[in-house]
Amino acid sequence: MYHKLQTYLLFTLLTILTWPISLRAQENPLAFLSDSTEYAWPTDATKYLSSTFGETRSAHLHSGIDIRTWGQEGYRVFASRDGEVHRIGIGPQGYGYVIYLQHSDGSFTVYAHLNRFEPDLQAFADSIRLQDYSFELDHTLETKRIEYRKGEVIGFTGSTGVGPPHLHFEIRDPSLDPINPLLTNLSSYVSDTIPPIFTQLGIEYLDTDNYRYKDFELFSTTKSDSVFHFGEIEVDGPVGLSVNVHDKANRTPNSYAVHSLTLTLKSDTLFHSVKNRFSFNHSADMFLDRSYPILSQTGRGFQRLYKVYGNRLSIYPKTVNEGVLHLDDGVYPVKIIATDIYGNQSVATVNLNVNGTKNREPITYVASYPAPDTVSNRTVYNWLETTVVPEESLLTSAGPELITPDYQGVTFYYSGKKSVKKSLNPNKLELFHTADQKLWIQFPSGSLYDTLNVRMEVIETANQIDFKISPTELPLGKPAKFNYILPEAFKGLNQVALFSVDPTGNREKFLSADISSGLIRANIDNISNLRIREDRVAPWVGRPEISQNLAGMPIVKIPVKDGDTGIDYLKSSITVNEQPGIAEYDPEENYLIYYNPDFEPKRINSIDYHIYDGVGNESSQTVEVRYNP
Numbered sequence: 065m066y067h068k069l070q071t072y073l074l075f076t077l078l079t080i081l082t083w084p085i086s087l088r089a090q091e092n093p094l095a096f097l098s099d100s101t102e103y104a105w106p107t108d109a110t111k112y113l114s115s116t117f118g119e120t121r122s123a124h125l126h127s128g129i130d131i132r133t134w135g136q137e138g139y140r141v142f143a144s145r146d147g148e149v150h151r152i153g154i155g156p157q158g159y160g161y162v163i164y165l166q167h168s169d170g171s172f173t174v175y176a177h178l179n180r181f182e183p184d185l186q187a188f189a190d191s192i193r194l195q196d197y198s199f200e201l202d203h204t205l206e207t208k209r210i211e212y213r214k215g216e217v218i219g220f221t222g223s224t225g226v227g228p229p230h231l232h233f234e235i236r237d238p239s240l241d242p243i244n245p246l247l248t249n250l251s252s253y254v255s256d257t258i259p260p261i262f263t264q265l266g267i268e269y270l271d272t273d274n275y276r277y278k279d280f281e282l283f284s285t286t287k288s289d290s291v292f293h294f295g296e297i298e299v300d301g302p303v304g305l306s307v308n309v310h311d312k313a314n315r316t317p318n319s320y321a322v323h324s325l326t327l328t329l330k331s332d333t334l335f336h337s338v339k340n341r342f343s344f345n346h347s348a349d350m351f352l353d354r355s356y357p358i359l360s361q362t363g364r365g366f367q368r369l370y371k372v373y374g375n376r377l378s379i380y381p382k383t384v385n386e387g388v389l390h391l392d393d394g395v396y397p398v399k400i401i402a403t404d405i406y407g408n409q410s411v412a413t414v415n416l417n418v419n420g421t422k423n424r425e426p427i428t429y430v431a432s433y434p435a436p437d438t439v440s441n442r443t444v445y446n447w448l449e450t451t452v453v454p455e456e457s458l459l460t461s462a463g464p465e466l467i468t469p470d471y472q473g474v475t476f477y478y479s480g481k482k483s484v485k486k487s488l489n490p491n492k493l494e495l496f497h498t499a500d501q502k503l504w505i506q507f508p509s510g511s512l513y514d515t516l517n518v519r520m521e522v523i524e525t526a527n528q529i530d531f532k533i534s535p536t537e538l539p540l541g542k543p544a545k546f547n548y549i550l551p552e553a554f555k556g557l558n559q560v561a562l563f564s565v566d567p568t569g570n571r572e573k574f575l576s577a578d579i580s581s582g583l584i585r586a587n588i589d590n591i592s593n594l595r596i597r598e599d600r601v602a603p604w605v606g607r608p609e610i611s612q613n614l615a616g617m618p619i620v621k622i623p624v625k626d627g628d629t630g631i632d633y634l635k636s637s638i639t640v641n642e643q644p645g646i647a648e649y650d651p652e653e654n655y656l657i658y659y660n661p662d663f664e665p666k667r668i669n670s671i672d673y674h675i676y677d678g679v680g681n682e683s684s685q686t687v688e689v690r691y692n693p
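When we follow this note's numbering, the leftmost residue of the sequence shown carries the number 65, and every step to the right adds one.
Accuracy of the hints is not assured; some may be wrong.
[Claimed, not checked] Here are the simulated lysine to aspartate or glutamate pairs, EDC-like style, with alpha carbons at most 20 angstroms apart: (1) Lys-532 <-> Asp-500; (2) Lys-542 <-> Asp-500; (3) Lys-625 <-> Glu-598; (4) Lys-625 <-> Asp-662; (5) Lys-555 <-> Asp-589; (6) Lys-621 <-> Asp-662; (7) Lys-573 <-> Asp-662; (8) Lys-312 <-> Asp-289; (9) Lys-621 <-> Glu-664; (10) Lys-214 <-> Asp-289; (11) Lys-635 <-> Glu-137; (12) Lys-625 <-> Glu-652; (13) Lys-573 <-> Glu-652; (14) Lys-330 <-> Glu-281; (15) Lys-399 <-> Glu-425; (16) Lys-621 <-> Glu-652; (17) Lys-399 <-> Glu-386; (18) Lys-621 <-> Glu-642; (19) Lys-621 <-> Glu-598; (20) Lys-492 <-> Glu-524; (21) Lys-399 <-> Asp-500; (22) Lys-278 <-> Glu-298; (23) Lys-214 <-> Glu-102; (24) Lys-502 <-> Glu-524; (25) Lys-635 <-> Glu-664; (26) Lys-621 <-> Glu-137; (27) Lys-573 <-> Asp-632; (28) Lys-422 <-> Asp-500; (29) Lys-208 <-> Glu-182; (30) Lys-330 <-> Asp-279.
These aren't lab readings, by the way, just hints derived from the structure by calculation.
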């Protein structure tokens, strides 16, 4: 199998060398992966993967490989190459406990979701955190040098940050952009002779004029003679295809992302993507590479076989007409080829029965965002003709980024609700606001991937305020700034919270916001429905217990839970026997953990805690806990 892998990697390299010079320049960081550079397998847990490079994640592409630890923590983690600690981090989200090693060629390896660091590095990290008893740490070592030889223990596997126990491992180029680790000798540790598996095909129907997404339809597959078939599908006008496809490896139940996808029509390649590397600055463009309408409605990551405007990922060696199929009447045999990094390959076929007329011009623009839902049963008023709000009525405390609103092209609707719509430009600071100017959303330049025609309804009731946006569940290139002047009935409330709302299940997600002087502000990472309401329920707190962590050190674990606005671990505090400590938070297990390297439990211990939720509701108590070692 190793010879098969070498042949496939040679093919991949030849593909890279035949790309245009501009693309080859972007791939130059792969040059440091020379034959003489070998990596040690980074843990003694297993040689099995639970995830591979380029998979769909909640807000980004997966930037490494995940190594299985059988649901256990505490396996040793080794330096994969000789290196020096560049950065360490600790926190309840993201990478959790993480180590960045820098190597002599300028590249990096990253080891994440650790239970803890090795003792000397852990003591160094604790010396920083104990200065103010802060849980979170993000420290770049600029003066102190901590070096490890290849194969030396640097930490232990865990589940900090997100997900079940596993080791997340990355290789990054000197610019700190991730490289597929299986492009190195690490691939020889994994046995994979199984080809990818197609499960569903997505047909994304596009507008004839600007190829704007309109709707999608999903089709299941059958298999015969090792080929997957989606049958014959009738389409009217242009379409983009997307696939739900995954890979398998020997002796493991996990499903992985495929390494490359190719779309062909007859003998012509119309689309080709390869996941060798990408820029971290463009990682959120996953929402454009995946079909975000299908993702938001089904939770499944269908990979697009066409490219929309604003997608900056450098994983597309070839696209013809951006991969869009805008064909004349007729039946067309389309083939989709999925290949894993070991060269195992699967083919899927579909016959498109087209009723339409082909576009004769090359397709160079495919709109990123859909149009708003159809508006009906509304009385329309033009803002300029009905009333004038002076510019000075804008809240002066809104900050320097607030600009004078542009009323041109703004239409407001009234039908028992307040509604506003506007066309927003991605290449400048845009302000989207309601007629009474109590709400405005600032979209910085580069926040929007494309021109967006958006409509919002503001629905105020006695108990909550809903902001319904159409289209919704849209990705942003950088956060937008939400600002809202609260109604008088809400201004005196101390527990007001902002949530994003899933339109399909009405599920709420708490958003961190600043509320002061009757104004609520927040950064929003995507365009979604929003809701403002009160949360007056303090966190639930269980009885503390004294135990030991995997390093054998005594700790205090306090069960906590808050279903509305979550636990504010930064504000919460725990003192044991009048000795302060670090309040670490485990959101997966719902624990706050008192940690202090000098903690020595007594037979009877006085534990004083103050635990807050996201809007300041407090649960506090002093309890005595008996300890029997």
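Can you give the numbers of the hints that this structure goes against, from lowest to highest?
As far as the earlier hints go, 2, 4, 5, 7, 10, 11, 14, 15, 19, 20, 21, 25, 28, 30 are violated by this structure, in ascending order.
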